[in-house]
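S.K.: Sequence:
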Amino acid sequence: MRIVGIDASPYGPGKTAAAVQAVLAGAASRGATTELVRHDHPEVVARIGEADAVVLGSPTYRATHTAALRMLLERIDRKAGAEPLAGTPIAIVMTGASGEHFLGTRDLAGTLSGFFGTQVLSPDLYFHGADFDAEGQPGDRAAELCALHGAALAELAAAVGGSTALKALRPVV
1 MRIVGIDASP YGPGKTAAAV QAVLAGAASR GATTELVRHD HPEVVARIGE
51 ADAVVLGSPT YRATHTAALR MLLERIDRKA GAEPLAGTPI AIVMTGASGE
101 HFLGTRDLAG TLSGFFGTQV LSPDLYFHGA DFDAEGQPGD RAAELCALHG
151 AALAELAAAV GGSTALKALR PVV
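So in full-length UniProt numbering, the last one in the sequence shown is 173, and the numbering has no gaps at all.
Everything labelled a hint here was simulated from the structure, so no lab data went into it.
What you are looking at is a predicted structure, and each value in this text was computed from that prediction instead of being measured.
Hints should not be assumed to be uniformly reliable.
[What the hints assert, rightly or not] Each pair of labels, with its calculated beta carbon distance range: (1) Ala168 to Asp40: 30 to 40 Å; (2) Gly14 to Arg62: 29 to 39 Å; (3) Lys167 to Pro13: 27 to 37 Å; (4) Gly12 to Ser122: 24 to 34 Å; (5) Gln137 to Leu169: 31 to 41 Å; (6) Ala134 to Tyr11: 41 to 51 Å; (7) Ala159 to Ala46: 22 to 32 Å; (8) Arg30 to Thr164: 14 to 24 Å; (9) Lys167 to Ser98: 36 to 46 Å; (10) Ala134 to Leu169: 38 to 48 Å; (11) Thr164 to Ala63: 16 to 26 Å; (12) Lys79 to Glu100: 32 to 42 Å; (13) Glu83 to Gly139: 35 to 45 Å; (14) Lys79 to Ala168: 13 to 23 Å.
[Said to hold, decoys possible] Pairs of lysine to aspartate or glutamate, EDC-like flavour, derived with a Cα cap of 20 Å: (15) Lys167 to Asp77; (16) Lys167 to Glu50; (17) Lys167 to Glu43.
All residues carry an ideal CB built from backbone N, CA and C; glycine is no exception.
All chains, full assembly: derive it from the sequences and hints.
M.R.: Spelled out as structure tokens, the structure:
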């Protein structure tokens with residue numbers, strides 16, 4: 001099983017990348033092969049298409065995900081009946097300056113499930129400054145949640161992979 005994590009921070013590796021990497025470590029504990037890829041990597045869309053599951057990580061700006069992530073999603077082609085993300089299990093990890101923007105994950109979850117037809121792992125993860133240590137790594141509570149979500153994502157990917165009905169679901173628009 002292959003799980004790809006995406007860091008959609010426009011400013012390079014930081015807290016978002018650290019949180020995504022912690023989720024990937026949880027998936028690896030369940031036997032998944034994992035890879036962290038930046039949103040602007042030349043082969044990011046291909047890597048997403050090859051994955052059995054995806055972790056999407058984004059900082060929160062103005063109570064929503066970054067324009068970098070929005071642009072990446074717009075590059076995923078749904079023309080001519082292609083549904084590259086349909087049925088793909090996805091975990092959402094967002095970071096922000098304060099806890100007030102935790103609902104910013106919901107807009108992204110709606111787009112992923114409604115427009116792309118993905119299987120979004122619930123609940124989403126949202127972390128703010130107090131959830132990280134002085135080095136920008138997830139603190140104990142956040143690290144535990146990341147590990148649990150990574151393990152759950154790997155198990156969800158295995159369940160979807162073994163289900164003809166879940167794999168057959170497609171967006172209705």
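S.K.: Each hint: holds or not?
M.R.: Consistency of the hints with the structure:
{"no.": "1", "hint": "Ala168 to Asp40: 30 to 40 Å", "verdict": "holds (33 Å)"}
{"no.": "2", "hint": "Gly14 to Arg62: 29 to 39 Å", "verdict": "violated (18 Å)"}
{"no.": "3", "hint": "Lys167 to Pro13: 27 to 37 Å", "verdict": "holds (33 Å)"}
{"no.": "4", "hint": "Gly12 to Ser122: 24 to 34 Å", "verdict": "holds (29 Å)"}
{"no.": "5", "hint": "Gln137 to Leu169: 31 to 41 Å", "verdict": "holds (36 Å)"}
{"no.": "6", "hint": "Ala134 to Tyr11: 41 to 51 Å", "verdict": "violated (19 Å)"}
{"no.": "7", "hint": "Ala159 to Ala46: 22 to 32 Å", "verdict": "holds (25 Å)"}
{"no.": "8", "hint": "Arg30 to Thr164: 14 to 24 Å", "verdict": "holds (22 Å)"}
{"no.": "9", "hint": "Lys167 to Ser98: 36 to 46 Å", "verdict": "holds (39 Å)"}
{"no.": "10", "hint": "Ala134 to Leu169: 38 to 48 Å", "verdict": "holds (44 Å)"}
{"no.": "11", "hint": "Thr164 to Ala63: 16 to 26 Å", "verdict": "violated (38 Å)"}
{"no.": "12", "hint": "Lys79 to Glu100: 32 to 42 Å", "verdict": "holds (38 Å)"}
{"no.": "13", "hint": "Glu83 to Gly139: 35 to 45 Å", "verdict": "holds (38 Å)"}
{"no.": "14", "hint": "Lys79 to Ala168: 13 to 23 Å", "verdict": "holds (20 Å)"}
{"no.": "15", "hint": "Lys167 to Asp77", "verdict": "holds (18 Å)"}
{"no.": "16", "hint": "Lys167 to Glu50", "verdict": "holds (15 Å)"}
{"no.": "17", "hint": "Lys167 to Glu43", "verdict": "violated (24 Å)"}
Of the numbered hints given earlier, the model fails hints 2, 6, 11 and 17; all others are met.
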